[in-house]
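Peer 1: Sequence:
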Amino acid sequence: MSKKQSKRILKIIFITASISSLFFVPWILLRILLTPLPDTVQEQVKDAIEYGLDGIIVYVDQAGKSPQLYAAGWQDRKNKIPANPKALFRIASISKLYVAVAVAKLVNDKQLSLDKTLADYIPELVGHIENADKITLRMMVQHRSGIPNYTDYPGFWENDYSKSTEESLDLVLDTPADFEPDKKYRYSNTNYLLIGQILDKTLGYSHHQYIKREILMPHELNHTYSLLSQVDLDEVMSGYDTSSDNDLKYNDFISPAGSMVATAQDLGIFLRALNDGSLLNDNEQAIYSSIYVYEHTGLLPGYSSIAKYHKDIDAVVIQFVSTSGGTTWNVSEIVNSRIVKIMERKKS
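Here our numbering is used: the first residue of the sequence shown is 1, the next is one more, and so on.
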């Protein structure tokens, strides 16, 4: 067989394999990917509703332009209330950015040490969390502790463990570690539940109060809250899962791993300040950079969120979607990437 024939056969195999793989991709995702990019962000936001999303809010803050808010779909599907771009939203794990900022500030103030262990901070957990004497605060912030993730526990959401941090923590006590401390990375909400306890114990009062006083108030983030119980539920966007018709905004989640509620604009202002250095002083910024990330996503039943800063176009893009389950997270990610492409195209 000649070299030319070999190349031709390999090309046919590659094309055949590529076509075959299409049968394993949900058609709704292919439909989005094959749809021509619209001219504006608002058009893309409106189109997103056709892909099985109940509601979407997008906030864009691009340098040199006024920040913009976009929305489509429902704020409340049952009562046919249109999506409100200024609605409060359950930002889930994006809350970890605020907790990590609090840690950086307290480390800078010498109230916390990143090298102290879980055993140092909460000695009563020795013997109940494996390697408590080796797991440092730094490892917990960075998800390198090896402590199992309590939200992975079978039936976690069905049994409503999310409304009690004590019950949530009990799910992983006296269980084997996932790995030796600092040997791997594995995302675990338990890390931030414990960090919340460490913050409360160190401060002598709720870390929610500290975050409000030291982070939210100085930056006039007046539409950001630590807990769902602090807000008027009528102002919160409803959330839905593809497996149910129930409005999930009433299902509270109180762990520091994902309890916060905010508007897209408030979150965008926070993320811009975190990335441009205006949120923290130089020492705090250096500490933060050594321990955590500058963007995040969030997932709760009924809710998904994306908060990212795009350096190449100097833009913060916040996206809230009020639907979970099925392919909705994949849809959300693709819609988000298309919004960024629209912005990149306009910039060029």
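Some hints here could point you the wrong way.
[As the list claims (entries may be wrong)] Here are the simulated SDA-like cross-link-like pairs (lysine to any residue), alpha carbons at most 20 Å apart as the crow flies:
id: 1; residue 1: K110; residue 2: H223
id: 2; residue 1: K346; residue 2: K163
id: 3; residue 1: K347; residue 2: Q62
id: 4; residue 1: K347; residue 2: H310
id: 5; residue 1: K163; residue 2: K65
id: 6; residue 1: K46; residue 2: R77
id: 7; residue 1: K183; residue 2: H223
id: 8; residue 1: K78; residue 2: N246
id: 9; residue 1: K311; residue 2: S66
id: 10; residue 1: K86; residue 2: S66
id: 11; residue 1: K347; residue 2: S337
id: 12; residue 1: K347; residue 2: D312
id: 13; residue 1: K86; residue 2: Q142
id: 14; residue 1: K308; residue 2: N283
id: 15; residue 1: K184; residue 2: Y292
id: 16; residue 1: K347; residue 2: N330
id: 17; residue 1: K201; residue 2: T297
id: 18; residue 1: K346; residue 2: K110
id: 19; residue 1: K341; residue 2: G325
id: 20; residue 1: K163; residue 2: Y292
id: 21; residue 1: K116; residue 2: Y250
id: 22; residue 1: K163; residue 2: Y185
id: 23; residue 1: K116; residue 2: K183
id: 24; residue 1: K65; residue 2: L299
Hints were generated in silico from the structure; no laboratory data involved. No experiment lies behind these values; they were computed from the predicted model shown.
Peer 1: Compare the structure with the hints numbered earlier in the document and write down the numbers of the violated ones, lowest to highest.
Peer 2: Result: hints 1, 2, 5, 7, 13, 14, 16, 17, 18, 19, 20, 21, 22, 24 break, sorted rising.
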